[in-house]
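Chemist: Residue-level listing of the chains:
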Amino acid sequence: MHFTVAELAERVGGRVEGDGSIRIERVMPLDEAGPSDVSFFANRKYAADFAASRAGAVIVGESEAAAPGRTLLRAGNAYLAFAKVSTLFHPPREPVPEVSPRAVLGEGSVVDPSAEVQDLAYVGRGAVIGARTILFPGVYVGDGARIGDDCILYPNAVVRERCIVGNRCILQPGSVVGGDGFGFAFDMEGDGNGPRHYKVPQSGIAVLEDDVELGANSCVDRATLGRTVVRKGAKIDDLVMIAHNVDFGPLSIAAAQVGISGSTKIGMGVILAGQVGLVGHIDIGDGARLGAQSGVMNDVPAGEAYSGYPARPHRDWLKEQGALGHLPGLLKRVRELEKALRKLQEET
Amino acid sequence: MHFTVAELAERVGGRVEGDGSIRIERVMPLDEAGPSDVSFFANRKYAADFAASRAGAVIVGESEAAAPGRTLLRAGNAYLAFAKVSTLFHPPREPVPEVSPRAVLGEGSVVDPSAEVQDLAYVGRGAVIGARTILFPGVYVGDGARIGDDCILYPNAVVRERCIVGNRCILQPGSVVGGDGFGFAFDMEGDGNGPRHYKVPQSGIAVLEDDVELGANSCVDRATLGRTVVRKGAKIDDLVMIAHNVDFGPLSIAAAQVGISGSTKIGMGVILAGQVGLVGHIDIGDGARLGAQSGVMNDVPAGEAYSGYPARPHRDWLKEQGALGHLPGLLKRVRELEKALRKLQEET
Amino acid sequence: MHFTVAELAERVGGRVEGDGSIRIERVMPLDEAGPSDVSFFANRKYAADFAASRAGAVIVGESEAAAPGRTLLRAGNAYLAFAKVSTLFHPPREPVPEVSPRAVLGEGSVVDPSAEVQDLAYVGRGAVIGARTILFPGVYVGDGARIGDDCILYPNAVVRERCIVGNRCILQPGSVVGGDGFGFAFDMEGDGNGPRHYKVPQSGIAVLEDDVELGANSCVDRATLGRTVVRKGAKIDDLVMIAHNVDFGPLSIAAAQVGISGSTKIGMGVILAGQVGLVGHIDIGDGARLGAQSGVMNDVPAGEAYSGYPARPHRDWLKEQGALGHLPGLLKRVRELEKALRKLQEET
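Just so you know, the protein sequences line up as chains A, B and C, in that order. Okay, so the first sequence: first residue is 1 according to my numbering, each after it adds one. Okay, so the second sequence: first residue is 1 according to my numbering, each after it adds one. Okay, so the third sequence: first residue is 1 according to my numbering, each after it adds one.
Just chain A, same shape as in the assembly (with noise of 0.2 Å):
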């Protein structure tokens, strides 16, 4: 597979400063590419790498200065840009229409004739799988559950019963949709057998809306009541856990190992940072960020950015760190304070 850069740049939509004739046969790292790759730069980091770079032509924005003697495939949004290339040579596999012997399909199940079901699947009684949707070896999906169409989900993935699976999902290995929401009931009698934490059942489901991404080993739990939901085009990393009842907005995106604690709804294209915590019962509001590690107690209102433990906003947070730092020193400077006013009030 090959184009020129000129035919990179009508099919992103960029335009080409300098040789557009040269012809482009992979996409590479800046400081591995050669003169038939295109490469990527945008992070100041990585300047050393885009100056000292092989490659036949590289992707920038617009805000990039020229670079005399190197072809550029420059565009408003390079990273988009350089998105639509990489998938013009990486083109997602095609779906091979069959199901393995190897898989099971239980009874009253209806997998579409387009959809590929792979060795070790696993497709549970009455569930329905979708157009063209892959089923990777150890996928289970459970009893009545739905998956739609376009999806992957990749080996080991979970979906439990009952559970809903949109268009053009992806779930990663090992990710699982519709475990048991975490609710008991402390019991201090127990039936005469002394204390216990008597299991409140989880009786609803986990939706997955459409275009929604589930990174490695996350975890989406099922409802108490009603529905766990992942709204349209969000996007979620690996080891995050989504709790029972949490509503999770529209092109939201959680970073790796985010936890949200059941209940709590997240707006539309929040960004939560790695490892954010979130208690239960709360709303962040519409284009929120939440620092890396933040600990939210409390609403956070749109269009905020908050950080810290408990989390306030990012400006407090940084007054406050920056105040931190001086607070040995202040320490020092009150003791002195202290002793040269008791001079004074002795000499007064």
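Bear in mind the hints are in silico, worked out from the structure with no lab data behind them. Be aware that a few hints might be false.
Which copy? The list can't say, so a pair holds if one copy fits it or any two copies do.
Cross-link-like lysine-lysine pairs, in silico, DSS-like; alpha carbons within 25 Å at most [as the list claims (entries may be wrong)]:
# : residue 1 : residue 2
1 : K332      : K343
2 : K265      : K232
3 : K332      : K265
4 : K343      : K232
5 : K332      : K319
6 : K45       : K339
7 : K199      : K232
8 : K319      : K339
9 : K232      : K319
Given the coordinates of chain A, assemble chains B and C onto it according to the supplied hints.
Modeler: Relative to chain A, chains B and C alone:
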């Protein structure tokens, strides 16, 4: 399935305020419930939903005000009453006593005739599966492992060789019992091939006592020597890490993404909030509560609430957090004090 | 299996203090050991257990005091000696050279005749499995992936297409090598269907070099372009997240629940304590140590210990933590200073 409100009250030990003859067919959230549904109200955040709910009856606690015109099912422990009502409508699925021909039973394994071993489940050599226990597809029970009665092992749960799971345990999808503990001895010479981390055999086992629940993709590592133990009635949420030789006490609770380092001992009825981390070789006393994301470096006395990093008594942490907000202002005040004092000193 | 204490000392390069002829049959913890058991003592917390132990012999370091009447196996690196002794009693299980008829071997895959492929394991097209390597049930090795010699892939471990695992690697249950990196370009137009996160192809691979161990349910994502690499002898605990294009250095260690963002470079012999989080595109120098739960925003120089959020030199962090405890008192002292100063000002 249906019950009158009066029947429900009788079954769960509550009492009716209003019309006990209303026929209830479902359990639903306040905002989705209709006249044939019972719902639940406790969290004041949902007072508006309670007021507006069309539910035929609502389960509430003793402290809740009367709601004229609304039928209440009142109970001392309203959440427990709700859990029991919900269990009436959503009884656990009965096992189907059968071993799938597509499951694998190792030599010498013993599966109780009342157990259900589904397609693609694996039972190792000499392993024992108790009465009425259900193994879903993709479950692995290692050689010589023992699973008690009335357990549910959801898809892709793993119990490695020789480990022990008690009665009435639930393993959510992808949970792992008995992975190797993380133990390495640094070996500078490495048999002449340069430094290495020499693996310390993890020859012990992991044990879940009765009535333990383990969340999706959670891990309980096997011991270096002896046993890692999760004691009777403990409940563990998703993505929790319990390291080798931990002793996790009875009725204790770990919320999602908690991490407990090696040989730490958790007492009885301890509550670990989300993303708490504990170092190894410490003791957490009975009934202690550790705030979300706290980092616990030392023993915590019984009954205490600790927070923060490093974790300290919650009231101290609160005081420091309160003071921290004043810190930027304090810096300014000290600067002014210094100026005023200099002026005074010059004057005198 | 049994050895005399003298034999053990010889095998592990230690020396005996006491009766070298004692016959040892097991390795046991101090508090469970009997006269035919060898145990290990290093952590002073267990001094009472050491004193009370009935162990036939105890492995200790050079700095440990003599213990009259007790047989000691003394070694320069006591923990390493213990690890080697334990390995004598618990040698790794030998592979049984066999491919189960219930395993699936893809077209063109090459499985070394000495390897063991258990029931329900899956080897993709063109994949290569090295000598004496063991694949447990539920393991998935993708198309074109290569697994080296003497590896153990525990149940439900996943190595996706084209990824590479070196020799003597251990993948604990549920670990995932080569899940897609988390990369999306925000696309405001979305082909006319409104905004979307456009998936950036993750066309690179993930590589584990020789002697790497990956903990239960840990994830090493494949690169956007090129390779995510975990280098020789690195050890990774459970539930760790290693993002696309990370370079994780040789002999480095990540404790449980660590998260490393994209393109970050970890040097040699680095120690990341539990739940540490690192942003992307930073460099952690050789031999650096990062304290538990620290949040690392910037490069860390070689050999340094950093802590806190944002991570800073550990000694600075300690100083600030110490000062923080004085903060509530400091507030009071400044108020008093202000009062006293006002009084002085009025008097003069």
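Chemist: Report the numbers of all earlier hints that the structure fails to satisfy, in ascending order.
Modeler: Numbers 3, 4, 6, 9, in rising order.
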